[in-house]
Amino acid sequence: GQQVMQIPQYQHVQEGEDFTTYCNSSTTLSNIQWYKQRPGGHPVFLIQLVKSGEVKKQKRLTFQFGEAKKNSSLHITATQTTDVGTYFCAPRSGGYQKVTFGTGTKLQVIP
Amino acid sequence: ETGVTQSPTHLIKTRGQQVTLRCSSQSGHNTVSWYQQALGQGPQFIFQYYREEENGRGNFPPRFSGLQFPNYSSELNVNALELDDSALYLCASSLSGGNTGELFFGEGSRLTVL
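Top to bottom, those sequences are chains F and S.
For the first sequence, position 54 (counting from the first letter as 1) is numbered 54 according to our numbering, and the numbering increases by one without interruption.
Numbers in our numbering are just positions in the second sequence, counted from 1, shifted up by 1000.
One thing to keep in mind: the hints can contain errors.
Said to hold, decoys possible - Quick list of in silico lysine-lysine cross-link-like pairs, DSBU-like style, CA-CA up to 35 angstroms:
hint, chain 1, residue 1, chain 2, residue 2
1, F, Lys98, S, Lys1013
2, F, Lys36, S, Lys1013
3, F, Lys106, S, Lys1013
4, F, Lys70, F, Lys36
5, F, Lys59, F, Lys98
Hints were generated in silico from the structure; no laboratory data involved.
Hey, can you work out the whole structure from these sequences and the hints?
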C-alpha cells in the first residue's frame, strides 16, 4: 500500500530561522494536501497541490510538489512561535479520494 | 471554527466494553471520514461515509463500524475495546466533488481504555 514518510521527525529552530519538511512517497501521487496540527488541537488544512512541479505560497509558507509527483515539501521562512505544531503531508487517493496522513514533522520554535 | 462537532470530548472505558462516538458534519458536507490518532502519531484512516454508505475503509478490524444518517451526521462504534484503542478519534467532514477535497476536522473524542 501507499507509504508516505516525512523527514525530519522533529525539528527545533530558533525564532527567525527557516524550516523545511520533506514528504516522500513510494508511489506516484495524484495530489497531496498539507495540514498543521497545533499541540492539543486538530489538523487544519493548509493547501492542496495537484500539478507536477507546482509551487504555491501562503505568506511565509512555500509548498512544492515534485516533478515526478512522488515528493513534496513545505518551507517556512523566518519562523515565528505561532508556527509551532506538527505538519502533515496527506495524499488523496483512490476512487473515493481517501486522505492518508504522513508521519508528520513536529516543529518547535525557540523564542 | 470548522463547524464540525464531536461528542463526547473525553471518555474512559474498560477493556471489552463498547463505545459510540458521534459527529455532526459541517453544513452542506455530504462526506464524513473517521481517523484514529494515537499519542505522538499521525491520524490513521478508519473509514469514510458518503450518502449513508461506507465507501472506503482503512486497515481496521470489523469491530470498528460506523453509520451515517440522512442529515450527514455520523457515528463510530467500537466493540470489544482493547487497550490499544486508546487514542484521539477525529471526525472530518468534506464535500465530495469539492475543489480541494479539504477535510474539516472536529476537536476529537479522546478515548481511554483501562
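Status of the hints after comparison with the structure:
Proposed proximity of Lys98/F and Lys1013/S is supported: the alpha carbons are some 29 angstroms apart, at most 35 angstroms. At most 35 angstroms may separate the alpha-carbon atoms for a hinted pair to count; Lys36/F and Lys1013/S meet this at roughly 30 angstroms. With a C-alpha separation of about 30 angstroms, the suggested pairing of Lys106/F with Lys1013/S holds against the 35 angstroms cut-off. A distance of roughly 20 angstroms separates the Cα atoms of Lys70/F and Lys36/F; the hinted pair therefore holds under the 35 angstroms criterion.
Taken as a hint, the Lys59/F and Lys98/F pair is honoured in the structure, with Cα atoms around 28 angstroms apart against an allowance of 35 angstroms.
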